[in-house]
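For the record, in the sequence shown the residue sitting at position 77 is 77 according to this note's numbering, with numbers rising by one throughout.
Don't take each hint at face value.
What the hints assert, rightly or not - Here are the in silico distance ranges between beta carbons for each label pair:
hint, residue 1, residue 2, range
1, 201, 148, 41 to 51 Å
2, 204, 284, 21 to 31 Å
3, 89, 123, 19 to 29 Å
4, 201, 284, 29 to 39 Å
5, 197, 70, 41 to 51 Å
6, 200, 127, 36 to 46 Å
7, 81, 281, 27 to 37 Å
8, 284, 28, 44 to 54 Å
9, 28, 126, 22 to 32 Å
10, 94, 197, 41 to 51 Å
11, 128, 21, 40 to 50 Å
12, 132, 20, 34 to 44 Å
13, 200, 73, 45 to 55 Å
Unchecked claim - Here are the simulated lysine-lysine pairs, DSS-like style, with alpha carbons at most 30 Å apart:
hint, residue 1, residue 2
14, 237, 285
15, 73, 285
16, 73, 96
17, 237, 96
18, 237, 247
19, 73, 247
20, 73, 237
Simulated from the structure, these hints should not be mistaken for lab results. Even for Gly, the Cβ is constructed at its ideal location relative to N, Cα and C.
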Amino acid sequence: MYKAIARNKRNTVLIILLFLAIIGGLGWLAGYIYQSPTLVIITLVIATIYALVQYFAASSLALVSSGAIEIQKADNPRLYRIVENLAITTGMPMPKVYLINDPAPNAFATGRDPGHAVVAATTGLLDIMTDSELEGVMAHELGHVRNYDIRVSMIVFGLVVAVGFIADMFLRMAFFGRNNNNGNPVMLVFGLVALLVAPLVATVVQLAISRQREYLADATGAMTTRQPDALANALEKLAAYGRPMQKQSTSMSHMWIADPLKSGVMNRLFSTHPPITDRVERLHKMDGSF
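Please model the complete structure; the sequences and the hints are all you need to start from.
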């Protein structure tokens, strides 16, 4: 269990370092071709400001876009008490609990730290889960908060924005600008190819980090409840009974425990979630460690 958590943390750090290397290499290449590093600095500053705004507004935007409504213990004692017990077990502050009127079984958590945590579940999730399975799902979601996944995802989101801004700016300069101070045509072609490929690479890296955080949240949730099989059973139910959410948003798809978007080849290829079968297999292997 602890080895799985440590491995996932190491992988995430390595991926973020790779991301920084991509941005650094892209900035150096653009500066070399156009001999204007100032443009790169300005773009990075704008991307950072935009990412900070998204970081602090992410929770509110997610709740509004999903149609979540805050509940108290009297509104849904079963869900509230499960979250309350998990908060006591982990020693974290009691998060706000939200309910989403949607038949699609799903759940998500957000909050930049445990003191500003929010967990939400759909009515469809409550309908099909046993108490132990629901506890496993909520433990997974609180695991995202405890692991500061929202912070990681916002950092990565900012890096993706930076790559996109830099690539777009210098591609426009290449196609519409009149001046090119560097006379090396081979370097120019190489630079243009890199500018085209960089956003795609950045997106793939972002997906890799999201998938790693899902594995880590699974391991954290299983460690909290000491019942990996309960979470595994819950994931299998999500695979069997899952359906697209009524209110879909690609910007927050990575926050749900299961992908809320419509199925399709491209969605599976660029999914923010690892295959449920892989997650279930890992959880079954962890069960022997308790």
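Checklist entry - Within 30 Å, alpha carbon to alpha carbon, are residue 237 and residue 285? => result 19 Å, holds
Checklist entry - Between residue 200 and residue 73, does the C-beta distance stay in 45 to 55 Å? => result Roughly 47 Å apart at Cβ, these two residues keep to the hinted range, so it holds.
Checklist entry - In this structure, is the beta-carbon distance linking residue 132 and residue 20 contained in 34 to 44 Å? => result 41 Å, holds
Checklist entry - Is it true that the CA of residue 73 sits at most 30 Å from the CA of residue 285? => result 35 Å, violated
Checklist entry - Lying within 21 to 31 Å: is that true of the beta-carbon distance residue 204 to residue 284? => result At 28 Å between Cβs, range holds.
Next on the checklist: Please verify whether residue 73 and residue 96 have alpha carbons no more than 30 Å apart.
Outcome noted: 11 Å, holds
Checklist entry - Has the hinted range 40 to 50 Å been met by the Cβ atoms of residue 128 and residue 21? => result Cβ of residue 128 to Cβ of residue 21: about 44 Å, so the range 40 to 50 Å holds.
Item to check | Satisfaction of hint between residue 237 and residue 73, Cα-Cα up to 30 Å | outcome: 26 Å, holds
Checklist entry - Would you say the C-beta atoms of residue 94 and residue 197 sit inside 41 to 51 Å of each other? => result 46 Å, holds
Checklist entry - So the hint says 44 to 54 Å: do the beta-carbon atoms of residue 284 and residue 28 match that? => result Given about 46 Å between the Cβ atoms, the range holds.
Item to check | Distance restraint hint 27 to 37 Å, applied to the beta-carbon atoms of residue 81 and residue 281 | outcome: 31 Å, holds
Item to check | Outcome of range test on Cβ distance (residue 200, residue 127; 36 to 46 Å) | outcome: 39 Å, holds
In summary, the structure is inconsistent with hints 1, 9, 15 from the numbered list given earlier, while agreeing with the others.
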